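Undergrad: Sequence:
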Amino acid sequence: MAEAYRFFDSLPEDPREYTADQFAEYFRLFLTDGILNGGENLQVSANGTDMRTFVKAGYAWIQGYMYKNTEDLFISHSTAHSSLNRIDRIVIRLDKTLPNRYIRAFVKEGAPAENPVPPSLQRDDNIWEISLAQVLIEAGKSFVEPSQITDERFDNSVCGLVNSLIQVDTATMQQRFDSWLESVQGDWQQWFEEAQQQSPASKEEVQQVENNLAAHLADNANPHNVTAAQIGAPVLGTSNQAINKIKALDLRIDTRNTVLTYDGNGRLMRVEEKDGETIVKTTNLLYDANGNLTQVEEIAGGTTVTTTLTYTNGQLTSVSKAVS
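In this text, residue positions in the sequence shown follow this note's numbering: the first is 602, and each later residue adds one.
Don't read these hints as lab results, they were simulated from the structure.
For clarity, every value in this text was computed on a predicted model and none was experimentally measured.
Among the hints, a few may not be true.
[To be verified] 16 Å max Cα-Cα, derived EDC-like pairs, lysine to aspartate or glutamate:
#1 Lys882 - Glu898
#2 Lys875 - Glu899
#3 Lys922 - Glu898
#4 Lys882 - Asp864
#5 Lys709 - Asp752
#6 Lys657 - Glu672
#7 Lys697 - Glu626
#8 Lys882 - Glu899
#9 Lys709 - Asp726
#10 Lys922 - Glu899
#11 Lys657 - Glu641
#12 Lys697 - Asp725
#13 Lys922 - Glu794
#14 Lys922 - Glu795
#15 Lys709 - Glu753
#16 Lys742 - Asp651
Using the sequences and the hints, build the whole thing.
TA: Here's what the structure looks like:
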């Protein structure tokens, strides 16, 4: 049969009959196997007085079939081996064979051994088991305590919680996100490496700039070796002294000009490189309260390179840079 459909009303002239397994197949499309709700639902415990364990009330769902237990259900384990431990399992078993057709709780007995292992679960076309717990049957012991029970209800490989099968394929979404993130990280790394190659300021270079500026500030007479031919006749103030260094010095060399601006303390604050009237590069300098150079901002061609210098006890300790 290539096509199948269900469920429809039955009519005398067109009877429609469905099997229990066809209903179960329908429900298998929506729900996974396991227990419902969690908590103490179908939890296995023991009183610690005999070789019995008990399953608390609750619901289970197996291959589209429902199981319900309404009260504590006691199950007996066989006598312990005299010298070897074994591991039993408490299972909920769906049995679709014609003589049975039920879902019930059973003890699935393990084999005594020096290193015991739990019995495997049966899962085929007719029988399907989920495990609620492992029970360690200790050698020579005539009762089972709660400490000997290992809860398996939340282990998806043997039981698990009933869940919906109608959900987003998160694995595919995660793969797509990881691919996108890897692409973004690659682009960022490429940009960062290019920015590092373009940046003019290594730690040693910044230290050299600082040393040059210190020497420059110490040379109060003529820090830039400016000649009279370059600047023409000196401009004198009313007290017949040279104009204060707060004024900018314009060094003319053909069409290229370098304009240096100082503050009232004689510190270089800005360097402008001009081609005629066009500013091709601007360098701004900042100082802290102790006169230490703390920032060099170089602006050229639409790109700004900012170098930040950090001091500890007056000593340069770190240099960082950013490109924008």
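Undergrad: Take the hints in turn and mark each one as holding or not.
TA: Right, here's what the structure says about each hint:
1. Lys882 - Glu898: Measuring from Cα to Cα gives roughly 10 Å; hence the hint holds.
2. Lys875 - Glu899: Distance ~14 Å between Lys875 and Glu899 Cα, so the pair holds.
3. Lys922 - Glu898: Holds, at roughly 10 Å.
4. Lys882 - Asp864: Roughly 20 Å separates the two Cα atoms, so the pair is violated.
5. Lys709 - Asp752: 15 Å, holds
6. Lys657 - Glu672: 6 Å, holds
7. Lys697 - Glu626: It holds: about 13 Å lies between the C-alpha atoms, which stays within 16 Å.
8. Lys882 - Glu899: Since the Cα atoms of Lys882 and Glu899 sit roughly 7 Å apart, the hinted pair holds (cutoff 16 Å).
9. Lys709 - Asp726: It is violated: about 19 Å lies between the C-alpha atoms, which goes past 16 Å.
10. Lys922 - Glu899: Within the cut-off at roughly 11 Å; holds.
11. Lys657 - Glu641: 7 Å, holds
12. Lys697 - Asp725: This hinted pair holds, its Cα atoms lying about 10 Å apart.
13. Lys922 - Glu794: 13 Å, holds
14. Lys922 - Glu795: Holds, because 13 Å separates the two Cα atoms, which is no more than 16 Å.
15. Lys709 - Glu753: Distance of about 14 Å is within 16 Å: holds.
16. Lys742 - Asp651: With a Cα-Cα distance of about 9 Å, the restraint between Lys742 and Asp651 holds, given a limit of 16 Å.
Violation of the numbered hints given earlier is confined to hints 4 and 9; the remaining hints are satisfied by the structure.
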